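Asks: Could you build all of it, start to finish, from the sequences and the hints given here?
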Amino acid sequence: MALEKFGPHLKTILEAKHIEAIYELWGVDYTVEIELPKDGETPETVRPGYCGAYMSHFEDGTLSFPLPCFLLEVLVELKMAFTQMAPNFFRYFLAS
1 MALEKFGPHL KTILEAKHIE AIYELWGVDY TVEIELPKDG ETPETVRPGY
51 CGAYMSHFED GTLSFPLPCF LLEVLVELKM AFTQMAPNFF RYFLAS
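Each residue of the sequence shown is one higher than the one before, starting from 1 at the first, in UniProt numbering.
Keep in mind that the hints were calculated from the coordinates and are not lab data.
Hints are supplied without guarantee of correctness; some may be wrong.
Here are the in silico distance ranges between beta carbons for each label pair [to be verified]:
{"#": "1", "residue 1": "S56", "residue 2": "K79", "range": "17 to 23 Å"}
{"#": "2", "residue 1": "I19", "residue 2": "P66", "range": "25 to 31 Å"}
{"#": "3", "residue 1": "D29", "residue 2": "H9", "range": "27 to 33 Å"}
{"#": "4", "residue 1": "E77", "residue 2": "L14", "range": "27 to 33 Å"}
Computed list of lysine-lysine pairs in BS3-like fashion (alpha-carbon distance at most 27 Å, straight line) [claimed, not checked]:
{"#": "5", "residue 1": "K17", "residue 2": "K79"}
{"#": "6", "residue 1": "K79", "residue 2": "K38"}
{"#": "7", "residue 1": "K5", "residue 2": "K38"}
{"#": "8", "residue 1": "K38", "residue 2": "K17"}
{"#": "9", "residue 1": "K38", "residue 2": "K11"}
Just so we're clear, the structure is a prediction, and the values are computed from it rather than from any experiment.
Note that CB positions come from ideal geometry on N, CA and C, so glycine has one too.
Replies: This is how it looks when you write it as structure tokens:
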């Protein structure tokens, strides 16, 4: 396991049915690749090229794709990981 600054993290409770809900209920395009975390992966150890998100980002925050590049640039500037973003931050960000 990689050295984690903010762990230990709880094991994921997501299942394949949750991924299907993201596509169907929240309208995420099937071209967006969504995978369950592998054993031992946490919000701090996301695979290169991937981004971690919580179900609440979709349920409460209406997260949609493609992500605005400016959002990712702001998170870098704030030194925030994507998973540190509160669900309502995305709505607020888009409305501002």
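Asks: Under the criterion that the straight-line Cα-Cα distance not exceed 27 Å, is the pair K38, K17 satisfied?
Replies: holds (16 Å)
Asks: Just to be sure I understand the hint, the distance between the Cβ atoms of I19 and P66 should be within 25 to 31 Å; is that true here?
Replies: Given about 18 Å between the Cβ atoms, the range is violated.
Asks: Please test the hint of 27 to 33 Å on the beta carbon pair from E77 and L14.
Replies: Holds: the Cβ-Cβ distance is about 29 Å, inside 27 to 33 Å.
Asks: Just to be sure I understand the hint, the distance between the Cβ atoms of D29 and H9 should be within 27 to 33 Å; is that true here?
Replies: Hint holds: Cβ distance 28 Å, inside 27 to 33 Å.
Asks: Hint says 17 to 23 Å; check whether the CB-CB distance for S56 and K79 agrees.
Replies: holds (22 Å)
Asks: Run the distance test for K79 versus K38: straight-line Cα separation, threshold 27 Å.
Replies: holds (25 Å)
Asks: Within a Cα-Cα threshold of 27 Å, do K17 and K79 meet the stated pairing?
Replies: violated (32 Å)
Asks: Would you check the hint for K5 and K38, treating anything up to 27 Å between C-alpha atoms as holding?
Replies: holds (19 Å)
Asks: Please verify whether K38 and K11 have alpha carbons no more than 27 Å apart.
Replies: holds (10 Å)
Hints 2, 5, counting from the list given before, are not met by this structure.
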